[in-house]
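Q: Sequence:
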Amino acid sequence: MGRMRLREVRELSQAKKQIQPSVTRSHALLCVAPWAGEASQGRGRRIQSPGLESQRYHRASPQALTCQESSSSVKGLVQGLSGPLCVLFKPEHQASGSGCLSLWTPGQLSGAEPLTEPLLRPWPHVPRLSPQVIENCVAAAGFSVGEFAALVFAGAMEFSEGLYAVKVRAEAMQEASEAVPSGMLSVLGQPQSKFAFACLEAREHCKTLGIENPVCEVANYLFPDCRVISGHLEALQFLQKNASRYHFRRTRRLPVSGGFHTRLMEPALEPLAHVLKSVNVKKPLVSVHSNVDGNRYAHPKHIPKALVQQVVSPVKWEQTMHAIYERRRGTEFPKTFEVGPGRQLGSILKSCNLQAWKSYRHVDVLEDDGT
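Under our numbering, the first residue of the sequence shown is numbered 858, with each subsequent residue one higher.
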């Protein structure tokens, strides 16, 4: 089974240009870690020096992929699926990277060092990241498919298994999106905006057009008064045309191929559920928050079910931010690190919790290495 999965990963690398990920670059991994003495908080993706080895971190690290793709191919594979995953491969002899992260660049790959270098640089006014970051990371969360990255980071599943599940998920969701013309609409509203009522009227409009069982509902809760709505294209067009009626300040169609995180994705449930049955899910080493309700997973058995449910459920990211940063007055906020291309999650955090955002940092693990 392991060899079959590795073969799938190789095939995925070769066919990455043909796969259209069902996510956007905003889907990244968010890691939270407190300061510990002089150790800089580990934003979930700190990389240790090659000589550092510790059995203590072994479980947080997935088995290394031994495929022989070139560094550029690996980088392409990550970018192809990945705004969401934002991951690096890990060599067998090294401890898990960044915070509790388990993903590294394989030592046998030529030119691998440039991919890890961005994570080795110290933050401005912050001590160089150290292995203590791993010990002090307290929580992880990933947006949409990024939740798989958070789970791998926390040692809840092996990297190769997580990547294989993401491949199956992406293909199934792409196939579902081709069945019905649908999409996603980013909406910046106001306190008086009634998103649910707007979606209801959009569905009624679709019925007048002869569309049976129309879909139009909130797919992402980003921050106060900001939502992403998914559904039939006719419904989204109706909302854009009547934006002022619902007190929408701004609407923008997202460059995605389907109405994700709605029941339009139901055909993708069975393929994902099937592949997750073969994944050995373990108890996360740090708290991982579910997109379905924003709460941290209480038991490993809940993880596969929630990952499947997430495909047809809204991403409750705003609720997740509240759950992670809720604390008594006067309690210091932890350091937060966003891993991956773009800073969208940081922008969302700023809108959700300004005080927590003041301790935010970003690391782009796919920074251009000159190749």
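Take these hints with a grain of salt, some might be off.
Below, computed lysine-lysine pairings styled on PhoX-like, alpha-carbon distance capped at 25 angstroms [stated by the list, open to error]:
#1 Lys1051 / Lys1064
#2 Lys1051 / Lys1139
#3 Lys1139 / Lys1162
#4 Lys1024 / Lys1098
#5 Lys1139 / Lys1158
#6 Lys1064 / Lys1140
#7 Lys1024 / Lys1207
#8 Lys1162 / Lys1140
#9 Lys1158 / Lys1051
#10 Lys1051 / Lys1024
#11 Lys1207 / Lys1098
#12 Lys1024 / Lys1064
#13 Lys1158 / Lys1098
It is worth saying that the hints were derived from the structure and are not from the lab.
Q: Decide, hint by hint, whether the structure agrees.
A: Quick rundown of the hints versus the structure:
1. Lys1051 / Lys1064: holds, 20 angstroms
2. Lys1051 / Lys1139: violated, 41 angstroms
3. Lys1139 / Lys1162: With a Cα-Cα distance of about 14 angstroms, the restraint between Lys1139 and Lys1162 holds, given a limit of 25 angstroms.
4. Lys1024 / Lys1098: Outside the cut-off at roughly 36 angstroms; violated.
5. Lys1139 / Lys1158: Holds - the C-alpha atoms of Lys1158 and Lys1139 are around 9 angstroms apart, at most 25 angstroms.
6. Lys1064 / Lys1140: Violated. Lys1064 to Lys1140 sits at ~46 angstroms, over the 25 angstroms cutoff.
7. Lys1024 / Lys1207: Judged against 25 angstroms, a Cα distance of about 32 angstroms means the pair is violated.
8. Lys1162 / Lys1140: holds, 14 angstroms
9. Lys1158 / Lys1051: The given pair, whose Cα atoms are some 36 angstroms apart, is violated under the 25 angstroms limit.
10. Lys1051 / Lys1024: violated, 36 angstroms
11. Lys1207 / Lys1098: Distance ~30 angstroms between Lys1207 and Lys1098 Cα, so the pair is violated.
12. Lys1024 / Lys1064: violated, 35 angstroms
13. Lys1158 / Lys1098: The hint is violated at about 44 angstroms.
When each numbered hint is compared with the structure, violations occur for hints 2, 4, 6, 7, 9, 10, 11, 12, 13.
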